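Just so you know, the sequences run in chain order A and B.
Mapped onto numbering that gives the first Met the number 0, the consecutive letters of the first sequence carry residue numbers 0 to 305.
Mapped onto numbering that gives the first Met the number 0, the consecutive letters of the second sequence carry residue numbers 0 to 305.
Keep in mind that the hints were calculated from the coordinates and are not lab data.
All figures in this text were calculated on a predicted structure; none of them were measured in a lab.
The beta carbon of each residue, even a glycine, is placed where N, CA and C say it ideally should be.
Some clues are possibly wrong.
Below 30 Å or equal to it, Euclidean Cα-Cα: the simulated BS3-like pairs (lysine-lysine) are [stated by the list, open to error]:
hint, chain 1, residue 1, chain 2, residue 2
1, B, LYS304, A, LYS304
2, B, LYS287, A, LYS254
3, A, LYS304, B, LYS254
4, B, LYS287, A, LYS270
5, A, LYS218, A, LYS74
6, A, LYS270, B, LYS254
7, A, LYS254, B, LYS270
So, partial list: chain A residues that the calculated Cβ filter (under 7 Å) puts toward chain B [unchecked claim]:
hint, residue
8, ARG36
9, ALA260
10, ILE264
11, GLU269
Number of protein chains: 2
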Amino acid sequence: MTAPDLTQQMFAGSRTALARILTKVENSSQGADEVLRSLGNRVGNAVRIGFTGPPGAGKSSLVTAYTKLLRKQDKQVAILAVDPTSPFSGGALLGDRVRMNSIGLDPGVFVRSLATRGDLGGLSQAAGDMADVLDAAGFDYILYETVGVGQSELEVVQYADSVVVVLVPESGDAIQGMKAGLMEAADVFCVNKADREGADRFTGDLQGAMMLKMWDDWKPPVVLTVATRETGVPELAEQIEAHLAHLRTSGDFDKRRHAHARRRIQRMLEKRLVAQFWTEAHTQTMDKALANGESPYSILSSLLKN
Amino acid sequence: MTAPDLTQQMFAGSRTALARILTKVENSSQGADEVLRSLGNRVGNAVRIGFTGPPGAGKSSLVTAYTKLLRKQDKQVAILAVDPTSPFSGGALLGDRVRMNSIGLDPGVFVRSLATRGDLGGLSQAAGDMADVLDAAGFDYILYETVGVGQSELEVVQYADSVVVVLVPESGDAIQGMKAGLMEAADVFCVNKADREGADRFTGDLQGAMMLKMWDDWKPPVVLTVATRETGVPELAEQIEAHLAHLRTSGDFDKRRHAHARRRIQRMLEKRLVAQFWTEAHTQTMDKALANGESPYSILSSLLKN
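Looking at chain A on its own, in the form it has when it is part of the complex:
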């Protein structure tokens, strides 16, 4: 089937066409660019929410509970879950069994896993492109779910309109060792598993830590949840909506989206420039110089002179 046909079927509501397009776009395979360009102004209506945090914080359960709530409001929800796979462990790690039981059969929900990949920046580009497809396909909410431990994983949620950083009462030490940027990325903090010991103290510490930081006009609220019991989820949803409303009234919504688009363009362009540069001749120049024992720095100079 041609790309335009597939796209038409997707617009008409075909989930099979949607899944095939997503695969195409994820792998940047032939026709992917054509599809993306053809989405046109159908893109931009969906709200994109990022959920990130340390492993074991209960992100999947939380996203599931939040999805159920959105479904009660009759929203169409797509979930893009970043799945750290290791060829060593032999496949994907799906924390998805719970999810599949409760929302997997709901036709208003679409779940898709993305494998992390080798090239830096590739993950967030794929996630951004796939979100555009889901947006054009008519979903109201697109939820990114990703472990907040690596730079590329973090970059995924940074393309969201609103970012929920999910922590647990035991995260105290983890925060210290956490990837730079995780805490800074938060628009809403969620302390999940809040029925555990130490939740109040941790929440206090978190609020204390936030006082040390200068905020713009939005100070991330801290919401306590127990995702598996759906406790606190309506409050979380409220705070997400409050943040979105704040973005809209302040004009930051468009600013943020433009900033995201700018970053995406820069990344795509980078890829193109690099691909264009590495002609056969340049590659040969490099390999010859390497064989001669030249240093990377001098090789770089000669490559740029050509």
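Could you slot chain B onto chain A? The hints should help.
Here is chain B on its own, set in the frame of chain A:
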């Protein structure tokens, strides 16, 4: 002081000059390129060993114990520790107290922390450049120490001649959730804290998992250590040397270094190409198109046409 003067002082053995050059190179500040180009064929003598693994595996203690052993062999050792800092927690996380007490005053040891930074690829570039400086300054061994949780952190050790993946008996579940690539990066596995319960079972599991994988002619050995008691460290050192010897006799040593140099050149070049592309005119074209609501894909097309 001019860059050439500083470099001369570093070659003459000045640690102050070395430290200043490392700072320059880490920040890519003025004169950094000049210094790097002037290192010439002084680079290439040091052996580079990477230590990576999940947080809490005892990498710092292990690197310290290994350093002490290398010092007994009269080797000059430099340690480049990647330090996940968060502006939020207010500074660097130094697991360095133990280290400072046992090797901090030894003039044959030089320890330097690198902060992780926002831009993808920036970390490994800085680490590679800094290792070149340390190499030219005459260190025999350069040890990279980095948490194996993010792509950029992993990329650091991937520039090493030999990579030690440090795990603990409790890592079983962690391996599953581990960043793709950590297990694959290993030339030597080290099960640290091997006096803990479950060490034998975990080691068995690890060896079992390895049987599922196809290896080239080097199959990563598994060494059990208790770094804090320096148990198993001589065996670890032996396996590292065995791996290096294997690389040398098979001809893979140069192949690997060329591959690293190639990747570094590609990264540096990428940075330059991007910097050259973003003229004032191109930036304006992009911003105008964004304001008109054009999609990233169509903006990319028009930018590449100009």
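Structure-based check of all given hints:
This hinted pair checks out: LYS304 of chain B and LYS304 of chain A have alpha carbons roughly 23 Å apart, not beyond 30 Å. This hinted pair checks out: LYS287 of chain B and LYS254 of chain A have alpha carbons roughly 13 Å apart, not beyond 30 Å. Only pairs whose Cα atoms come within 30 Å are accepted, and LYS304 of chain A paired with LYS254 of chain B is accepted, the gap being roughly 26 Å. Proximity of LYS287 of chain B to LYS270 of chain A is assessed by CA-CA distance (about 22 Å); at most 30 Å being required, the pair is judged to hold.
Proximity of LYS218 of chain A to LYS74 of chain A is assessed by CA-CA distance (about 27 Å); at most 30 Å being required, the pair is judged to hold. A hinted pair counts as satisfied when its Cα atoms are at most 30 Å apart, and LYS270 of chain A with LYS254 of chain B qualifies at roughly 26 Å. As the CA atoms of LYS254 of chain A and LYS270 of chain B are separated by approximately 26 Å, the hinted pair is consistent with the 30 Å bound. Because the closest C-beta pair between ARG36 of chain A and chain B is about 5 Å apart, less than 7 Å, the hint holds.
Nearest Cβ of chain B to the Cβ of ALA260 of chain A: about 5 Å, under the 7 Å cut. The hint holds. Interface restraint check: ILE264 of chain A against chain B, minimum CB-CB distance 5 Å, threshold 7 Å, status holds. Taking 7 Å as the C-beta cut-off, the interface hint given for GLU269 of chain A holds, the closest approach to chain B being about 5 Å.
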